[in-house]
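Undergrad: Line by line, the protein sequences give chains A and B. Under my numbering, the residue at position 150 of the first sequence is numbered 153, and the numbers go up by one with no gaps. Under my numbering, the residue at position 9 of the second sequence is numbered 15, and the numbers go up by one with no gaps.
Certain hints may be false.
Unchecked claim - Each computed EDC-like pair below joins lysine to aspartate or glutamate, with the alpha-carbon atoms no more than 16 Å apart:
# : chain 1 : residue 1 : chain 2 : residue 2
1 : B       : K176      : A       : E499
2 : B       : K188      : A       : D42
3 : B       : K167      : A       : E46
4 : B       : K49       : A       : E372
5 : A       : K354      : A       : D24
6 : B       : K49       : A       : D360
7 : B       : K33       : B       : E236
By construction, these hints were calculated from the structure, which means they are not laboratory data.
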Amino acid sequence: MNKAIDAIIKKYHQDRTRLMDILIDTQDAFGFIHESAADQIAETLDISRVDLEQTISFYHFFSQKSRGKYTVYLNDSAVAHMHGRKEVAKAFEKEAGCKFGGVTDDGLIGLFNTSCIGMNDQEPAAIVNGTVFTRLTPFRVKEIIKDIRDGVQVEDMFRASYGDGNNSLELIKAVVNNNIMKKGPVLSSDYTSGEAIKKIITQGPNDVIEEVKTSNIRGRGGAGFPTGLKWDFCRKARGEKKYVFCNADEGEPGTFKDRVIMTERPRLLFEGMAVAAYAIGAEEGILYLRYEYKYLQRFLESILEEMRYNNLLGKNIGGKKGFNFDIRIQFGAGAYVCGEESALIESAEGKRGEPRDRPPFPVEKGYLEQPTIVNNVETLCSVVKVIINGGEWYKKFGTRESTGTKLLSVSGDCRYPGVYEVEWGFSITDILEMVGAEHVQAVQVGGPSGSCIGPNEFERILGYEDLATGGSMIIINNRRDILKDIVLNFTDFFIEESCGSCTPCRTLPVLMKDKLVKIIQNKGVMQDLMDIERWSGIMKANRCGLGHTALNPILSTLKNFRHLYLDKIQKEIEFDTGFRLEEAVKIGKLVTNRN
Amino acid sequence: MNQLIKFKIDGKECMGEKGQNIVDAAKDNQIYIPTLCNIPGIKPRGACRICTVRVNGRLMTACTSPIAEGMEIESKSVDIENLRKAIIELLFTEGNHFCPSCERSGSCDLQALGYKYQMLIPRFKFQFTDRAVEASHPKLIKDHNRCILCKRCIRAIKDEKGRSLFAFGKRGHHVEINIDTKLSKDMTDEQALEATEICPVGAILKKERGFIEPIGQRKYDKQPIGSDIETLEH
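Please work from the sequences and hints to get the whole structure.
TA: Laid out in C-alpha cells, this is it:
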C-alpha cells in the first residue's frame with residue numbers, strides 16, 4: 004500500500020463521489036495513475052477496477068501510463084493553427100526528439116495535443132505541468148525545452164514578465180494576458196464586494212428571485228434559459244439539500260471570457276453564487292472549474308478564504324441568522340461535454356461525464372439526487388449587478404428579448420483579440436469594426452457548435468432573437484481555406500469530445516468527416532452533399548446539446564458557404580467511392596520495389 | 007393501483023399508469039416500440055436511441071420518458087421509422103457483424119431489428135473497425151466486434167457487493183466495454199449465463215456452451231421481434 008495515495012483517499016473521506024479529486028491529486032503527485040494506484044483506489048473505495056478505469060479513461064488529462072516528467076499539452080484549436088501552431092508543433096518535436104502523442108526515450112518530455120485551452124486570444128498556447136505558455140514561437144519552444152533539460156521550475160520559465168492585471172500576482176504568476184478591450188457592468192471596476200449580500204439579507208428569497216425575473220436575464224452559457232425561472236423551479240423543488248453549481252468549464256473553442264472574469268472579478272462571481280444560494284435555499288456551492296485553468300486554483304482559494312474571513316461566506320453570512328453557504332472548487336479533467344449541466348454533475352459525482360436522461364431535470368434531481376442549479380460564470384456575475392442596481396436598471400441594456408450585456412471572446416484574424424463586454428443588439432459589422440478586422444470572409448459565432456456566417460449576414464445582431472451565442476467569436480479572413488482550416492478542425496473536435504453514449508453522436512460525425520475529407524480531396528460528388536444534409540437529421544435523436552450540434556460546422560458552412568463545396572465536387576460524374584487504386588497500393592509498391 | 011392516465015400513440019387512445027415510461031405503457035396497450043438497450047426492471051439509460059418518439063415536436067427516448075396526461079406520441083411516422091432504421095444501420099456499420107457465423111443468429115435483437123426494418127445494404131460506409139475477441143476470462147468470451155455499446159451488461163451485472171463487472175472504457179467512437187479481470191474470475195456459471203442472456207447481440211458468450219438451440223428454431227426464427235406485443239400488419 005502506498006501511503007501517499009492512502010493520504011489522498013483519506014483527504015476526501017474515502018468518498019467515491021469525490022473520485023475526480025482523488026484521481027487529480029494522484030495524477031498530479033505521480034504524473035500518471037499507475038496500476039498499483041488504481042488497484043489501491045478501487046479497493047479502498049470498494050469499486051471494481053473497470054469501474055474506476057471507466058472514469059479515468061474518459062478524461063483527457065488522466066493517464067495510466069507515464070506522459071513524461073514534463074508533459075506538454077499543445078492546443079490544437081483552429082485559431083492556434085491560424086497563428087502558426089504547425090511550426091510550433093514541429094519545433095517541439097524537433098527539440099524534444101519525440102512525436103506528438105509520445106514520450107522521449109528518457110521519459111523526460113511528453114508531447115500531446117489538446118482541445119482549446121481557453122487562450123485563443125494569445126495562441127499558440129500550451130500547458131506544461133499545469134503552467135500555461137502563450138504566444139509560442141519556434142524560438143520560444145527551443146528556450147522552453149532547454150529550460151526543461153536544465154531543470155528550471157516551470158513557473159520560472161518566463162522570459163519577459165507575467166501577464167497584466169492579477170495574472171502577475173504571487174498566487175497566479177502566469178504569462179497569460181487578460182486582454183480586456185471593453186468593459187460594461189460585469190467587468191466594471193465599480194463594485195464593492197458584499198454589496199449584493201448586504202441588500203438581499205433585508206429581503207426574502209422570493210424577492211431576490213422576482214428581481215432576477217424582472218431583469219429578464221437568461222443563461223449566458225449559450226442555451227439562454229431564463230435564470231429567474233430556473234431558480235424558482237429549484238426553490239420550489241423538494242429535497243433534503245440544494246446545491247448551487249457554477250459552470251466554469253468553458254470548453255467551447257474560442258471562449259475565454261470566464262477565465263478573465265475569474266482572474267479579475269472572482270469576488271463578484273462568488274457573491275453571485277451566494278445570492279443564488281440565498282434564493283434557492285442552498286448551503287453548498289461548487290465551482291466546477293476546467294482543469295486547463297488549474298493555475299488559478301491557489302488564487303481562487305485565497306479569495307474564498309478572504310470572503311469567509313469577511314463573513315461573506317460561511318455561517319450566518321452578513322450577520323443574517325441561518326444564511327449559511329460555502330463554496331468548494333471541483334476540477335474537471337479535460338472533457339468538453341462536461342460543460343453540459345447534467346454531465347457536469349455526473350463528473351462532480353466522480354463519474355464519466357455523460358449527460359443524463361431528462362426528465363428529471365437538475366433543478367428537481369441534480370447533484371447527489373438533490374435539487375441543483377447550474378449557472379454560467381457570467382450569469383452569476385450579472386445577477387450581482389441586477390441585485391445591486393435592480394432588474395429595471397438592467398433592462399436598460401440590450402434589447403427587449405435579450406437584456407443586459409454579453410462578454411464576447413474575440414479571436415482569429417483581427418488586430419485586437421480579447422474580451423469585449425457589449426450590450427446585446429450589436430451587429431457583426433459593429434463588432435468587426437470594433438476589433439479591427441478587415442477582409443473578413445466569415446465569422447464563427449458561438450464557437451464550433453454555433454454557426455459560421457458570411458458577409459451577407461453581417462448585419463445580423465447578437466441576441467437570443469437572432470444570433471444567440473455563448474460568446475465565442477472567431478474571425479476568419481479571406482486567406483483561409485474554410486473547409487480545411489476550420490470545418491475539418493471543428494469536426495475533429497466533436498469526434499474527439501463525444502462521450503460515446505448515444506449511437507448517432509458516436510458514429511455519424513466519423514462518417515461525416517470521411518465525406519468532408521473526400522470533398523476536400525476533390526473526390527466528392529453531388530450525392531455526398533445530399534447525404535450530409537439528409538443524414539444530419541439523425542443527430543437530433545441524441546441526448547444532449549453536443550450531440551445536437553456536433554455537425555454544425557459542416558451544416559452551417561454547407562448552408563452559408565455552399566459554393567466552397569460546389570467548387571470542390573466533381574460535376575461530370577454522379578458516383579465516386581473515393582477509392583483510388585493507385586494511392587492504395589502506393590506503399591505496397593514502394594516496399595516491394597515494383598512499379 | 008396507481009393513478010391511471012390517458013395518452014395517445016399515433017392517434018390511438020391509450021391508458022397507462024402514472025410514472026410508467028412510454029415503452030412500457032405502449033406495451034400494455036399492445037403497441038410495440040423497438041428497444042435495444044432497454045431491459046425490463048432495470049433503470050433505463052437511453053443509449054441506443056432506437057426507441058426515439060416525437061412528443062410536441064421534440065424527439066425523446068420512449069424508454070426514459072414517462073407518460074403524461076393527454077400526451078400525444080408519434081411513433082410510427084415515416085421519418086421516425088426511417089430514423090430507427092438509420093440507427094440500426096449505424097450500429098451494423100460501426101461494428102463487425104457477420105450474422106451467418108454468429109452464435110446469436112436468430113436470437114439477436116439487432117439482427118431481428120435489421121429484418122424488421124428490412125435493411126438490405128446500409129446507407130453508411132462500413133467502418134471495418136479493428137476490434138478484438140477477448141478470451142482471457144475463465145467463464146466468458148467478449149467479442150468486441152459484435153458489441154453495440156448498449157450498456158445492458160454494465161447496468162445489470164453486479165457482484166454481491168454491488169460492484170460492476172462490466173464498464174465502459176474510453177470515450178467517443180473509441181468507447182468499448184471492458185470486463186473486470188479480478189471479479190470475472192469469481193463469476194458463477196449462473197452469472198455468466200445471465201450476462202450472455204442480457205446481451206442483445208452475441209458480444210458476451212458463456213464459454214463451453216454454444217448452439218444449444220439449432221438455428222432455424224430460435225426466438226426470432228419463429229416470429230419477428232415485437233410480434234409478442236403487437237400483431238404486425240402485412
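Undergrad: Hint compliance check: list the failing hint numbers for this structure, sorted ascending.
TA: The structure conflicts with no hint, since it agrees with every one listed earlier.
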